[in-house]
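Asker: Chain by chain, the residues:
Protein chains: 2
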Amino acid sequence: MSSFSVPPPKCLQKPLAVPHRYMFGPGPSNVPSRILMAGINPVIGHMHPEIFEIMNDIKSGIQYMFQTQNNMTLAVSGTGHTAMECAIFNTVEPGDSVLSAVNGIWGERAADMAERIGRALSKYRPVVLFLAHGESSTGVLHPLDGIGQLCHKYGCLLLVDSVASIGGTPLFMDQQGIDILYTGSQKVLNAPPGTAPISFSERACQKVFNRRTKPVSFFLDLSWLANYWGCDGKPSRVYHHTGPVTAFYSLRESLAVLAEEGLEKSCERHEKVAEYFHAGLESMGLKLFVKEKKARLPTVTTIVAPHGYDWKEITTYIMKTHNLEISGGLGPSVGLVLRVGLMGCNSTKDNVDMVLEALKDALKHCHKSKV
Amino acid sequence: MSSFSVPPPKCLQKPLAVPHRYMFGPGPSNVPSRILMAGINPVIGHMHPEIFEIMNDIKSGIQYMFQTQNNMTLAVSGTGHTAMECAIFNTVEPGDSVLSAVNGIWGERAADMAERIGRALSKYRPVVLFLAHGESSTGVLHPLDGIGQLCHKYGCLLLVDSVASIGGTPLFMDQQGIDILYTGSQKVLNAPPGTAPISFSERACQKVFNRRTKPVSFFLDLSWLANYWGCDGKPSRVYHHTGPVTAFYSLRESLAVLAEEGLEKSCERHEKVAEYFHAGLESMGLKLFVKEKKARLPTVTTIVAPHGYDWKEITTYIMKTHNLEISGGLGPSVGLVLRVGLMGCNSTKDNVDMVLEALKDALKHCHKSKV
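Heads up: the protein sequence lines correspond to chains Y and S, in order.
Number 80 in UniProt numbering belongs to position 80 of the first sequence; there are no gaps in the numbering.
Number 84 in UniProt numbering belongs to position 84 of the second sequence; there are no gaps in the numbering.
Watch out, some of these pointers could steer you wrong.
The list treats identical chains as interchangeable, and a pair is accepted whether it falls inside one copy or across any two copies.
[Said to hold, decoys possible] With a straight-line Cα cutoff of 30 Å, these simulated DSSO-like cross-link-like pairs (lysine-lysine) come out: (1) K320 x K368; (2) K287 x K349; (3) K272 x K10; (4) K368 x K349; (5) K14 x K234; (6) K368 x K214; (7) K294 x K368; (8) K312 x K272; (9) K234 x K320.
Since the hints were made in silico from the structure, they are not lab data.
In this text the structure is predicted, and so the values were computed from the model without any measurement.
Using the sequences provided together with the hints, build the complete structure.
Answerer: Now the structure itself:
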């Protein structure tokens, strides 16, 4: 006879305590109270008409943020990584090649994924070209103009990761010929992590809905997701999975905030604040990792790790003394850079001043080797 | 030159409005204020030490709920479906067979997934046997005793879906020899949908970590998840994906609530309330869909669709008049049953009385055909 033998854990008797912190790393960014509070609206059914209306609002908000008319626009119930897998699982079939522009860890990961679904990368005849618009590991902003047209000339789809860039720098899904575009909720949108906007062009849908095989994932199968999000023109929606409704509330609110300010103004603000920040960094003798001005992300700034210092000591000092997160490198940029993200509501000159003060203070107090 | 051409959508100018509703369908269930409020703690980094501590608390809470000592215990950043895919993606390789006990839509879906990763179901030599402990589509509670031992005799892993059952009826992962167990956050736990507890036995880990091929999903690759959740014994955690931290806060709180009441008491409460409910249904002349008392889920009750009525009219009437969700069937039980879920904080005699009143009222006011 079985019996209860594992006792209730003592650690759960302690009340949950979470500190407030300035989230100026590459993400997640701070979530304003308005967006957090949206998430405490009551949980109702994932198939209730009110939820479908909220999902429709989200769809419109994403179409606006992405500058697209694509009907096949929705939010995946997961993070940016889930959206990335959704894009690849649905478009790539056994026998298909994927070309990935490796410019940082994001590119590398897409390559890793493509390998995982059995594809060796080939430089020729890929069905998908993957590109990260904003490389948050290196702070590089990739130009997109012309790439979509080039892809289409060779019958290839253009898949763009805009997790770190969109809302902070102009991107035009339709005009730039992007076939699949995704982002996360926790960067410029300032919503909690857990939902990921994604959109598919007509051309991408042609490929997805004419597959010979089913995608490996049922959870991310676009034909199911399209129905749940009311994108397939069918009169009724069928139960697929339990949508994270409270995360939808917050996502909707974050899109409303973006729509209120306006995308163009948001981009201008991010660019101005970034210029102000970059000038401030240079005036205190720090170097920007991305030399070319046009290639700098306005959302995530990479600073060359100050010579003679241990970067880890700097970030730790700033966290401890200023309650402020900035981070080191990621993947190819580990040890080479400090990364500062000022995204969405965090992108203000006051916050720049705060980061500059913290950096000055850190350089004064952290150990400098006598090289 | 590209330009902003898609205007901000008008629908986002309307403030978000979500009604309160009694969520007495098969899930999600109502989320008490304490658990919702936990979710408005500030977003901090998914790799901050405070988050790792919260994740450790969650791990302990899941070990308690699952009655397991398994070190490989964590929460997937997704819904129950994501956990299901996590289980199957990590254990099943090309060439492996999966046996699925099809007793309702859940079994059918696992079968569908197994087929998706290239496996035809075979009755012989499966590496995994899938079983839903609580079949919320039919209201059936499956006995588990002895099945684990039988599986292990034939070198097979036992995979159990406890989304609709755990916390409401006894389940003992270790003692019952379950190798992989998962559930969702939005049923008995009364947390918002979006996280899914899962645990792997030592035997399951042997299979997972001796694969010849990588799992198809990077996002659900257990070797990465194990590291993120501190289950792999490595001294440091590497960035995998941005954990949905606010969903973690709510999940931790829901596990704390369960630990406070105690698992045994929670199960007893669900069973008593279910018995009271079932007696009430029978006394008003309704029939239970599951004849055998022992095979009835205490969390989700299936009622034979009242003869001569349109079930859809009943659920619609009750929603409209009583602001209360009960649902029709799902998959094999569509048209045959009404389903009522009383899970977690919803499992009270007062709520039973409310449902019985609503049903009586509906049978009085809905159209009865003259058959």
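Asker: Work down the list of hints and note, for each, if the structure agrees.
Answerer: Hint-by-hint comparison with the structure:
1. In the homo-oligomer, the alpha carbons of K320 and K368 lie at most 30 Å apart inside one protomer (19 Å), although the nearest pairing across protomers, at 70 Å, exceeds that limit.
2. For the identical chains of this complex, K287 and K349 are intra-copy neighbours only, at 19 Å inside a copy versus 67 Å across copies, given an alpha-carbon limit of 30 Å.
3. Only between protomers do K272 and K10 lie at most 30 Å apart by alpha-carbon distance; the minimum there is 28 Å, versus 50 Å within a single protomer.
4. Proximity of K368 and K349 under a CA criterion of 30 Å is satisfied intra-copy only: 29 Å inside one chain copy versus 68 Å between copies.
5. Within a single copy, K14 and K234 get their C-alpha atoms only as close as 49 Å, which misses the 30 Å cut-off; across copies the closest is 26 Å, which meets it.
6. Taking CA atoms no more than 30 Å apart as the test, K368 paired with K214 passes in neither setting, with 57 Å inside one copy and 44 Å between copies.
7. For a Cα distance limit of 30 Å, the shortest separation of K294 from K368 qualifies neither inside one copy, at 32 Å, nor across copies, at 71 Å.
8. Only within a single protomer do K312 and K272 lie at most 30 Å apart by alpha-carbon distance; the minimum there is 29 Å, versus 56 Å between protomers.
9. Only between protomers do K234 and K320 lie at most 30 Å apart by alpha-carbon distance; the minimum there is 25 Å, versus 54 Å within a single protomer.
The earlier numbered hints that this structure contradicts are 6, 7.
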